[in-house]
Structures are given as structure tokens and as C-alpha cells.
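Chains A and B, in that order, give the protein sequences.
When we follow this note's numbering, the leftmost residue of the first sequence carries the number 259, and every step to the right adds one.
When we follow this note's numbering, the leftmost residue of the second sequence carries the number 259, and every step to the right adds one.
Keep in mind the hints are simulated off the structure, nothing from the lab.
Careful, some of the hints might be misleading.
For chains that are exact copies, the list does not tell them apart, and a pair is met inside one copy or across any two.
To be verified - Below, simulated DSSO-like cross-link-like pairs (lysine-lysine); rule was C-alpha separation at most 30 angstroms, straight line:
1) Lys449 / Lys344
2) Lys449 / Lys272
3) Lys434 / Lys404
4) Lys307 / Lys478
5) Lys511 / Lys272
6) Lys412 / Lys307
7) Lys307 / Lys377
8) Lys307 / Lys449
9) Lys272 / Lys478
10) Lys434 / Lys497
11) Lys346 / Lys487
12) Lys346 / Lys449
13) Lys377 / Lys449
14) Lys434 / Lys307
15) Lys307 / Lys448
16) Lys434 / Lys346
17) Lys412 / Lys272
18) Lys344 / Lys434
19) Lys272 / Lys434
20) Lys448 / Lys272
21) Lys404 / Lys448
22) Lys346 / Lys404
23) Lys344 / Lys404
24) Lys434 / Lys478
25) Lys511 / Lys487
Number of protein chains: 2
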Amino acid sequence: MAHNYLVMNEGNIKRIKLVIEYDGTNYHGFQVQNNAHTVQAELGQAILKLTGERVSVISAGRTDAGVHALGQVVVFSTSSTIPVDKWKPALNSVLPRDIRVLQSSTVDENFHPRFSAIKKTYRYIIYRQEEGAVFYRNYAWINAEKLNIEEMRKAAHFILGRHDFRSFCSSGSAVKNFERTVTRLDIEEKKPFLILEIEADGFLYNMVRIIVGTLVEVGKGTYSSEYVKEIIESKDRNKAGATAPPQGLYLVKVEYL
Amino acid sequence: MAHNYLVMNEGNIKRIKLVIEYDGTNYHGFQVQNNAHTVQAELGQAILKLTGERVSVISAGRTDAGVHALGQVVVFSTSSTIPVDKWKPALNSVLPRDIRVLQSSTVDENFHPRFSAIKKTYRYIIYRQEEGAVFYRNYAWINAEKLNIEEMRKAAHFILGRHDFRSFCSSGSAVKNFERTVTRLDIEEKKPFLILEIEADGFLYNMVRIIVGTLVEVGKGTYSSEYVKEIIESKDRNKAGATAPPQGLYLVKVEYL
């Protein structure tokens with residue numbers, strides 16, 4: 259009976275959530291683009307190899323070219339009979355070595371990795387010396403300039419809380435609401451690294467990298483820490499610092515209710 | 259006067275010593291081979307670009323494919339008028355980003371980076387967890403097996419001192435004297451890393467990697483720590499553990515009188 263067959267098939271469709279990490283160095287970002295090597299395309303290829311299905315893999319955040327992830331969340335729907343706990347070893351056996359599945363689970367059909375997220379954490383790493391820089395050129399911003407960390411921390415304080423972050427958003431974004439709530443912005447010195455970690459309910463396009471670029475200007479003394487308050491109030495991207503390079507940025511985790 | 263001219267030219271030949279670091283991931287080792295991408299070839303190309311001279315660049319140690327250097331020492335002779343302190347910025351402006359010159363100086367014509375060396379230090383890094391492994395796949399041995407570090411330290415003790423290290427030498431080496439003196443072998447746990455550092459008056463081919471492979475077998479319990487003494491005495495490569503992978507190995511420094 260056709261009807262029954264369809265119902266059974268419907269019942270067999272599972273929504274799989276993966277937590278993945280990747281080295282973004284060799285990718286043109288997460289999202290599929292024409293002919294570009296992307297993380298999304300690799301995941302699609304791996305699932306196709308395992309199941310014969312062409313699925314659409316959606317993510318919690320589209321990382322840009324060169325940006326890394328320690329805990330990206332992606333979701334896809336499948337009618338494959340692969341048990342949920344086997345997705346991790348199965349995918350890792352066919353994925354390239356710079357993308358690894360850390361966890362797999364089933365989620366509700368309404369779960370959306372981006373819209374269901376309540377909090378995201380990004381890390382930004384600056385490598386502050388010349389020696390050893392060859393090993394971090396793809397994994398940190400190599401910047402040996404003298405920085406006043408205390409001033410950077412004071413400036414970071416102004417970023418905390420709910421603000422219109424238009425000054426920290428690159429053009430090319432389609433969003434209309436620029437309000438976001440930053441709940442944490444830590445700056446930790448772990449020589450030779452400076453590690454910034456920022457947590458918010460959501461991020462605008464290039465927001466973390468522009469915040470980092472701005473805080474580094476404060477560290478160098480180009481801006482006073484108080485000037486960051488003015489930058490926010492101006493709602494003018496041109497007032498903020500340059501966008502820090504992609505290779506220092508890591509999507510650390512995405513949290514859900 | 260031809261004689262004078264020759265003498266002057268002779269007098270202008272300088273022997274330049276460089277301390278360099280490189281990420282060995284994309285190289286087929288240090289030494290030039292037919293059509294292979296090597297560190298030596300890149301250095302030769304860079305010097306040719308700057309001076310128009312084809313020089314022979316010799317190193318303190320030929321690192322294998324995938325092996326890294328934090329303080330490799332190389333030497334070449336040149337009649338270029340580039341001042342000694344300008345070699346570093348000049349070479350760095352033309353070298354690829356995964357090779358950097360850290361220091362340049364002039365040395366005596368009798369200085370040889372390998373034969374004049376009195377001590378070398380190598381580091382070997384093991385990354386002992388699954389999470390984050392994508393970022394270390396080219397820079398450490400990814401090995402999440404349970405290891406008994408105390409047993410490894412006991413075994414390391416037998417390696418210290420002057421021994422015939424034939425059991426820790428890969429075939430293909432042309433040396434006749436297998437005696438070397440290991441003056442330090444530290445094993446430091448810095449979670450999630452295990453860092454081995456070994457210092458000797460010289461090393462045989464693959465000696466560090468075979469020592470690491472053997473110590474890991476001790477850590478896993480395959481060998482007792484005392485068995486390492488037997489391995490040394492046997493002078494038999496087959497008794498020792500497997501050669502640990504190249505990407506965990508770093509030439510840290512080379513010392514001279």
C-alpha cells in the first residue's frame with residue numbers, strides 16, 4: 259500500500275545533529291559556493307558516500323575562509339538506518355583529516371542549529387612573538403606589537419551587555435536587527451599568546467574580528483579605552499578598528515536550551 | 259692586476275650562518291632531491307633572488323619529510339655585499355611563510371654546521387586527546403592511548419649516557435660509529451600534550467623517533483622499562499619499537515663551542 263509505504267518512510271526520517279571540529283585553513287569557509295572547497299561540501303560528500311543520499315547540511319554559523327571550529331553544530335535529515343552513535347566513526351572514516359566529528363545525536367525535527375541556539379562562544383588567538391610563528395601562521399594572528407592589556411580589558415568592559423553593534427558589523431550582512439547581548443569578554447595572557455574569548459546570544463557578520471581589531475588598537479594606544487563607548491554609540495563601522503585576520507578565530511561552542 | 263683582483267674577491271667571500279625555523283609539513287625534508295619541494299631548495303632560491311648567486315646551503319641536520327625545526331643552523335658562502343644583519347629581513351622578504359630566518363651572523367671559513375656542533379636538542383610532541391586533534395595532526399603524534407608516564411621515565415633513564423645506539427638507527431645510514439652520548443631525556447606532561455626532549459652530542463638516523471616509539475611501547479606496557487636496557491645491548495633495530503611519526507619531531511637547537 260503506497261500510503262503505508264510513505265508513512266513508514268516518513269517515520270524513518272531522522273534528524274541528526276553533529277558537533278564537529280575543523281581546521282579552516284584549507285577551506286573557503288563553511289558554506290557551499292560554486293566550485294569552492296568548503297566544509298559543508300565535504301560533509302555532504304561524506305554523507306553521500308555512506309548513505310547514497312544527497313542531504314542539505316545546515317550549520318550554527320557560517321565560518322569564513324580560514325576560520326576554525328572546535329564545536330560547530332550541524333544538522334541534516336536522513337532515512338539511513340545507521341544507528342545514531344555510529345555516525346561519528348562512520349563519518350570520520352570518510353571525512354578528510356582536517357574535519358572531525360566529535361559527537362552525534364538525534365534531535366527533534368524543529369531543531370535548527372542557528373535559530374535554536376541561545377548562546378555562542380568564540381575564541382580569538384594572537385601570537386605575540388617572532389620565534390615559533392611559522393607554526394601559528396594559520397592558527398593565530400601573528401602580532402608582536404606591544405599591547406597594553408589592562409587598557410584592552412577596560413575597553414572590553416564597554417562591549418559587555420546589550421547594544422546595537424552596527425559599528426562592529428561588516429557590510430554584506432542581510433540582518434535588520436543589530437542588537438546583540440555580549441555576556442562575557444575575557445582577555446587572558448598566556449605567553450606568548452593573548453587569548454580573547456567572547457560569549458553572546460548571537461553575533462553579527464565579522465563582529466568578533468572587528469571587536470578584536472578594535473581592542474588591539476586600544477592596546478597599541480591608537481584609541482583610548484573610553485573611545486570604544488563612542489564607537490558603539492556612533493553606529494558607524496568606519497569608527498571601529500580593522501577586521502582582525504580570520505586565522506585567529508575559533509567557533510568554540512554553541513549552546514541550546 | 260689579475261692577482262690582486264682575485265685576492266680581493268677572495269677576501270670578500272663571507273661565510274654566513276643562519277638560525278632558521280620551519281614548518282616541515284609541506285616539505286620533503288631539508289635536503290634537495292630531484293624535483294622535490296625541500297627547505298634547502300627554498301633557501302637556495304631565496305639567496306639566488308637576492309644575490310644572483312647559486313650557493314650551496316648546508317645544514318646541521320637533514321630533517322626528514324614532515325619534521326620541523328625551531329633552531330636549524332645553516333651556512334653558505336657568498337660574495338654579496340649585503341651586510342650581515344640585513345640577511346634576516348632580506349631573506350624573510352623572499353622566503354615562503356613557512357620558513358623564517360631568526361638570526362644571521364658571519365662565521366669562520368672552517369665552521370661547519372654539522373661537524374662543528376657539540377650538542378643538539380630535539381623535542382617530540384604527543385597530543386593525547388581526541389578533541390582539538392585537527393589542529394595538531396601536522397604538529398604532533400596524535401595518540402590518545404593510556405600511557406604510564408612513570409614507567410616511560412624509568413626507561414628513559416637507561417638511554418642516558420654513552421651507548422652504541424645501533425638498535426635505535428634506521429637502515430640507510432652511512433655512519434660506521436654508532437656511539438652517541440645522550441645527556442638529557444626529559445618527559446614532561448603538559449596536558450593534553452606529552453613532551454619529550456632529548457639532548458645528545460649527535461643523533462643517528464631516526465634515533466629520536468625510534469626512542470620515542472620504544473618509550474611509548476613502555477608506556478603502554480608492551481615492554482617493561484628494564485627491557486630498554488636489553489634493547490640497547492642487543493644492537494638490533496628489530497628489538498626496539500616502531501619509528502614514531504615525523505610530524506611530532508622538532509629540531510630545537512644546535513650548539514657550538
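Checklist entry - Does the structure break any of the earlier hints, and which numbers would those be? => result 2, 3, 4, 6, 7, 8, 9, 11, 14, 15, 16, 17, 18, 19, 20 and 24
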